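> Make the full structure from the sequences, and use the hints.
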Amino acid sequence: GAVVSQHPSRVICKSGTSVKIECRSLDFQATTMFWYRQFPKKSLMLMATSNEGSKATYEQGVEKDKFLINHASLTLSTLTVTSAHPEDSSFYICSAPRGGNYEQYFGPGTRLTVT
Amino acid sequence: GEDVEQSLFLSVREGDSSVINCTYTDSSSTYLYWYKQEPGAGLQLLTYIFSNMDMKQDQRLTVLLNKKDKHLSLRIADTQTGDSAIYFCAESINRDDKIIFGKGTRLHILP
Numbered sequence: 001g002a003v004v005s006q007h008p009s010r011v012i013c014k015s016g017t018s019v020k021i022e023c024r025s026l027d028f029q030a031t032t033m034f035w036y037r038q039f040p041k042k043s044l045m046l047m048a049t050s051n052e053g054s055k056a057t058y059e060q061g062v063e064k065d066k067f068l069i070n071h072a073s074l075t076l077s078t079l080t081v082t083s084a085h086p087e088d089s090s091f092y093i094c095s096a097p098r099g100g101n102y103e104q105y106f107g108p109g110t111r112l113t114v115t
Numbered sequence: 001g002e003d004v005e006q007s008l009f010l011s012v013r014e015g016d017s018s019v020i021n022c023t024y025t026d027s028s029s030t031y032l033y034w035y036k037q038e039p040g041a042g043l044q045l046l047t048y049i050f051s052n053m054d055m056k057q058d059q060r061l062t063v064l065l066n067k068k069d070k071h072l073s074l075r076i077a078d079t080q081t082g083d084s085a086i087y088f089c090a091e092s093i094n095r096d097d098k099i100i101f102g103k104g105t106r107l108h109i110l111p
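Those protein sequence lines, which keep their order, are chains D and A. The opening residue of the first sequence carries number 1 in this note's numbering; numbering runs sequentially from there. The opening residue of the second sequence carries number 1 in this note's numbering; numbering runs sequentially from there.
Since the hints were derived computationally from the structure, they do not count as laboratory data. Note that this is a predicted model, so its numbers are computed, not measured. One thing to keep in mind: the hints can contain errors.
Said to hold, decoys possible - Think about it this way: if two alpha-carbon atoms lie no more than 27 Å apart in a straight line, the pair counts; the simulated DSS-like pairs of lysine-lysine are:
(1) K64/D - K14/D
(2) K56/A - K64/D
(3) K36/A - K41/D
To be verified - If the Cβ cut is set under 7 Å, some of the chain D residues that face chain A in the computed set are:
(4) V11
(5) F34
(6) L46
(7) P97
Beta carbons are placed, not taken as given, at the ideal position from N, Cα and C, and that holds for glycine.
If you want it as structure tokens, here you go:
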């Protein structure tokens, strides 16, 4: 079946550094991918829509210069957390709609810890 | 705007039925979902219902939709310890569109 992967699954970084998270659709092409953020014991909050070949669409309140999104190909979107701070620590999840199918496929998530 | 509300916590005895309720505000929502998330894990789509349906049953799961009241429920029959998780109600306008999630209901199973 369709699978979406994320890499890395866990990452610890120091404050001020940047971290890149990859989201890949493994056996289908995705012109659109979505990035969500989940705080501990909280819901998933949509951060942005990643569009292949064009700029990402950010939700209100999400800093586009801090959370850089690049949809490099039809199977890969990356989220880069720039100048990370401890408050950026969170669980980041991507999803990709396959098209022609009701289900969006979610990645397993990336847990970011900023020290 | 879009909003999905659900109770935060539910405690049920093993073997009983669990009913998790959800309300949403966007009347243009076409797809309504229930996702399950176990501790430290990703999301698992449990079931979904189209807005033109009233009910959907899938083994132990029953979804009821009251479109007039924008109320969605998930019933889990014969609740087991393995059902312990957070259950998210969610909606989207189109199947390829962004999904809006509720805050999640933590289901706790009593022995």
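> Hints first: check each against the structure and report whether it holds.
Status of each hint after checking the structure:
no.	hint	result
1	K64/D - K14/D	holds (21 Å)
2	K56/A - K64/D	violated (40 Å)
3	K36/A - K41/D	holds (13 Å)
4	V11	violated (15 Å)
5	F34	holds (6 Å)
6	L46	holds (5 Å)
7	P97	holds (4 Å)
The earlier numbered hints that this structure contradicts are 2 and 4.
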